[in-house]
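Enquirer: In the order they appear, the protein sequences are chains F and E.
Residue numbers for the first sequence follow this note's numbering, so the first one is 1 and each next one is one higher.
Residue numbers for the second sequence follow this note's numbering, so the first one is 1001 and each next one is one higher.
Read the hints as simulated data drawn from the structure, not as lab findings.
This one's a predicted model, so the numbers in the text were calculated from it and none came from an experiment.
Backbone N, C-alpha and C define an ideal beta-carbon position, used for all residues, glycine too.
Hints are not guaranteed to be accurate.
[To be verified] Derived coverage of chain F by chain E (criterion: at least 3 residues anywhere in the stretch with Cβ under 8 Å from a Cβ of chain E; other residues may be distant):
(1) 218-228
(2) 298-308
[Said to hold, decoys possible] Beyond 12 Å from chain E on every Cβ pair, some chain F residues (computed):
(3) Ala12
(4) Glu16
(5) Leu24
(6) Pro36
(7) Leu44
(8) Ile49
(9) Leu61
(10) Leu197
[As the list claims (entries may be wrong)] Which residues of chain F face chain E? A few of them, derived with a C-beta cut under 8 Å, are:
(11) Ala88
(12) Gly187
(13) Ser211
(14) Thr212
(15) Arg291
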Amino acid sequence: MTTVTDDGAASAALEEFLNRPPSLGQRVQSVLHRQPALSPAIVLVLSFIGFSLTSSRFYQLENISLILQQVAVVGTLAAGQTLIILTAGIDLSIGALMVLASLVMATLAYQDGVPGVLALLIGAAVAIAGQFVNGLLVTRIKLPPFIVTLGMLSVFTAIGLIYAQGQTIQLNPGAFLLWTGNTFSIGSLNLSYGVVLMIVVYAVLTYALRSTAWGRHLYAVGDDAEAARLAGIRVSRVLLSAYVVAGIAVAVAAWVLVGRVGGGDPNSGLNANLESITAVVIGGTSLFGGRGVLIGSLIGALIVQVFDNGLALAGLDPNYQVLAVGILVIAAVSVDQWIRSVKA
Amino acid sequence: MTTPTPILEARGLVKLYGRVVALDSVDLALYPGEILAVIGDNGAGKSTLIKALSGAIAPDRGQILVDGEEVRFRTPQDAREAGIETVYQVLAVAPALDIASNLFLGREIRRKGLLGSVLRMLDTREMRRESEEQIKSLGISTLQNIGQAVETLSGGQRQSVAVARAAAFGSKVVILDEPTAALGVRETGQVLKLIRRLRDTGMAIILVSHDMPHVFELADRIHVQRLGARAAVITPKTHTMEDAVAIMTGARRVAST
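Given these sequences and hints, build the entire structure.
Expert: Listed below in structure tokens is the structure:
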């Protein structure tokens, strides 16, 4: 039975082979594995340098301010989307729910004369309740998140259109709900409060994911739900909480959206569902769950916005942005597949 | 009474699945500091017995006693709280999390003071320190970097993490359900070594295994299941592997002890 109990049975040659130094490829793979946001960060820096070379207006602080203001809605939404993708789910309804919540906020404040703060809270409650329903369908009826949110995409869109009767609501300037669209300046940098809210959402959720047991459990459930269950984690509860917390991000995004469009517009944020997923995927979060960092999603959203803005300033056909984003998504998922195959 | 109280005892466990009798009035006794192996052919009721002891299923009839006190497990969490940890055949670790996070998964330590109670901040440093101690005390020399992601470990190392995890939390009993079934020879060796070391720390262990040589190498006593019932309890000193197989398959009957 020496072969069973003796660890030292391997020959010296085998030991040497097992302990050989890693190749360059393996080292790159290992670094990317530990830092999932590194590759999108490199892409962001490179594209920033590239567009700065093509247009001298690109790198001006005024333009950077514009990019940040434009990214605030999708960026905030992508934070919520990241939580759900980390659990190995996906949320196709997140943008539609944001639009619905923004319509509720604007309509209540404008037509029904509800105080702005109360309208905001009711709209936020709608966003959180919507995600709670998604979470219940996923955890109690055990439906795949893709199917649940595909159905809820239609449900939320329809409720929004019926509720607003297809009308656009323009809030009076100075209305409380428009605060997120107000700007302030730090030197030449001109930011909206929506950008600040987005940064707060990222800071709070990054803390929760990195430094609390809830965050660990979210990663563990997304990684391997069965292993998490055997480890004594209440998987359903963690999943449901991910949807509810994502609902809070949706609520904030809805408020930022109201500030950007100046009220409620049923035709705003039409592409927000897919844009939020795109940001998360480009940001290095794995669609298979359990892997990724929140800040990557913000970087991913910024990359999309930088391409949009940079191509326009360079006077190129904006359709190249669509092309570039498509290629980036494929590249990001390919890198993820490669990283997932990492070994010691 | 001259015999000590069993640390874990089952009396008359019955479990039916429809008309199939999975457990037919099974008794089991585990004493402090011993390794009790549970063997039996497929369908003999090994897994059902283990599931009942670890809280994964509730028996239809019968009692489970921990330290002589009757307990009732509704969930695996209940069993865990009573000091019974289970290591499963499947490698039940979270691959992307590091070793320390896995050891503390589901019972993380929070920072003291407001950081912990209000902000719910984890005490990563303390968890790493305790993990390192735990790994060292079990002599798992192959796990060197406590911050290493578990997916970069071999199967044997992962199972070592699972065993260390089970042993870490002041538990009285560790149930190992086919802990080496998914492993290669070399890795099996690592885990067997670890089991022995665990026993040396005074832990009572139930080991379910198909592998007769391992069972006879490790076990103090062997509980043989056959057709849902306990066929015999033997020891490696008084019986041979052939005897055990004969009892398991029904070729020989033994007066119940």
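Enquirer: All the hints need checking, so say for each whether the structure fits it.
Expert: Here is what the structure says about each hint:
1. 218-228: It holds: at least three residues are needed, and the segment 218-228 of chain F offers 7 whose Cβ sits within less than 8 Å of chain E.
2. 298-308: violated (count 0)
3. Ala12: holds (15 Å)
4. Glu16: holds (16 Å)
5. Leu24: Given a closest Cβ separation of 18 Å, the condition holds.
6. Pro36: Pro36 of chain F is in fact no farther than 12 Å from some Cβ atom of chain E, at 10 Å.
7. Leu44: holds (24 Å)
8. Ile49: The claim holds: Ile49 of chain F sits with its nearest Cβ about 32 Å from chain E, beyond 12 Å.
9. Leu61: The claim stands: Leu61 of chain F keeps its Cβ more than 12 Å from every Cβ of chain E (closest is about 34 Å).
10. Leu197: holds (20 Å)
11. Ala88: violated (12 Å)
12. Gly187: Violated, because the Cβ-Cβ distance from Gly187 of chain F to chain E comes to roughly 33 Å (cut-off 8 Å).
13. Ser211: holds (5 Å)
14. Thr212: holds (5 Å)
15. Arg291: holds (5 Å)
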